[in-house]
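Construct the entire structure; sequences and hints are all you get.
Spelled out, the chains give:
Protein chains: 2
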Amino acid sequence: MKKNTLGSLIWLRMMRFTHESNNLSNEFLKQFDLTTAQFDVLLQISIFEPITQSELAKKVTVTQGGISRMLTRLEQEQLIVRHQDWKTKFISLTPKGNEKLNNAFEAQLAFQSSFFDETLTKEEQKTLYKLISRVQKNSEQRSK
Amino acid sequence: MKKNTLGSLIWLRMMRFTHESNNLSNEFLKQFDLTTAQFDVLLQISIFEPITQSELAKKVTVTQGGISRMLTRLEQEQLIVRHQDWKTKFISLTPKGNEKLNNAFEAQLAFQSSFFDETLTKEEQKTLYKLISRVQKNSEQRSK
DNA sequence: AATTATCACTTTACTACTCAAATGATAATA
DNA sequence: TATTATCATTTGAGTAGTAAAGTGATAATT
Numbered sequence: 001m002k003k004n005t006l007g008s009l010i011w012l013r014m015m016r017f018t019h020e021s022n023n024l025s026n027e028f029l030k031q032f033d034l035t036t037a038q039f040d041v042l043l044q045i046s047i048f049e050p051i052t053q054s055e056l057a058k059k060v061t062v063t064q065g066g067i068s069r070m071l072t073r074l075e076q077e078q079l080i081v082r083h084q085d086w087k088t089k090f091i092s093l094t095p096k097g098n099e100k101l102n103n104a105f106e107a108q109l110a111f112q113s114s115f116f117d118e119t120l121t122k123e124e125q126k127t128l129y130k131l132i133s134r135v136q137k138n139s140e141q142r143s144k
Numbered sequence: 001m002k003k004n005t006l007g008s009l010i011w012l013r014m015m016r017f018t019h020e021s022n023n024l025s026n027e028f029l030k031q032f033d034l035t036t037a038q039f040d041v042l043l044q045i046s047i048f049e050p051i052t053q054s055e056l057a058k059k060v061t062v063t064q065g066g067i068s069r070m071l072t073r074l075e076q077e078q079l080i081v082r083h084q085d086w087k088t089k090f091i092s093l094t095p096k097g098n099e100k101l102n103n104a105f106e107a108q109l110a111f112q113s114s115f116f117d118e119t120l121t122k123e124e125q126k127t128l129y130k131l132i133s134r135v136q137k138n139s140e141q142r143s144k
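Just so you know, the protein sequences line up as chains X and D, in that order.
Using UniProt numbering, read the first sequence as starting at 1 and increasing by one per residue.
Using UniProt numbering, read the second sequence as starting at 1 and increasing by one per residue.
The set of hints was computed from the structure by calculation and includes no laboratory data.
A few of these clues could be false.
Identical chains blur together in the list; that is why a pair holds if it fits in one copy or across any two.
[Claimed, not checked] DSBU-like cross-link-like pairs, simulated, lysine-lysine; straight-line CA separation at most 35 Å:
| hint | residue 1 | residue 2 |
| --- | --- | --- |
| 1 | LYS144 | LYS87 |
| 2 | LYS3 | LYS30 |
| 3 | LYS58 | LYS137 |
| 4 | LYS122 | LYS89 |
| 5 | LYS126 | LYS87 |
| 6 | LYS87 | LYS130 |
Next comes the structure, spelled out in structure tokens:
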């Protein structure tokens, strides 16, 4: 019989949770005709616009190639614009993109929160946030 | 300016962490010629063998179609066997699969643990495990 | 002025997943 | 015995990601 470490048990739970909740979120966002990844991208753009593609790619942990395709799709649906300045493309939301994000925003945040609100007290959520933040910052460093 | 909820901040950190650490893990496991998903599948088989495909699919949160393809690849590399009994296929590790898993097991668990060992005390890890377990069990219920 | 370098972005080839329709082995029914 | 039903698994079509090679606009060098 193999012996687990505490860390490996945490890792497994987190992987399962993010996988499951990501699937549920994709299902939930269908009413807005968005995927979880698209929502994430639109939100980051709304916070940091105008933002370059490579900066955006880093924020949403996707490769350059990946963000290029995603933005092509979002541009086709007229949710964003790319304004080229020298060799850099600056991304902004269109009014249509802004409206779509605003429509989905509250519902999606309530949806995300529900996973924690249903199981943890406010104090426990604060603790969880502190711990996971430390862990995530470390893995972000290691990714470079 | 949009207002975040505590839950949405936790959600984002978790998504980022699992994405980043999954990428790092795939890189790490190249030395064993495995992906993170394959390691997970082999480990579940070793614990529950003989196990049917549909049970295995549930354990690793992948669809029936997905597990079918994964197992086809693992079978081609002779790491697993599928023994058909009536309409069900029971999956087991081959000696080769067992050996590959044993080779990778300790290293991979140490790798997974390192994300937490580098940032959290043992006590903090226990707390994190308790909290995330409650959250994950809830999302597992909701997935059904 | 022509060539070369730089660098953000795009594209190609590949992998791996999803959903849903098809397959195939057996059981139940007519 | 032929037909139909059942149900785990497979397959086809589509989507989304990766790594790495290609593109194109500008800057630097000769």
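Hints, verified against the model:
{"no.": "1", "hint": "LYS144 to LYS87", "in the structure": "within (24 Å within a copy, 48 Å between copies)"}
{"no.": "2", "hint": "LYS3 to LYS30", "in the structure": "between (41 Å within a copy, 23 Å between copies)"}
{"no.": "3", "hint": "LYS58 to LYS137", "in the structure": "both (14 Å within a copy, 31 Å between copies)"}
{"no.": "4", "hint": "LYS122 to LYS89", "in the structure": "neither (41 Å within a copy, 46 Å between copies)"}
{"no.": "5", "hint": "LYS126 to LYS87", "in the structure": "neither (43 Å within a copy, 49 Å between copies)"}
{"no.": "6", "hint": "LYS87 to LYS130", "in the structure": "neither (39 Å within a copy, 49 Å between copies)"}
The structure fails to meet hints 4, 5, 6 from the earlier list, while all remaining hints are met.
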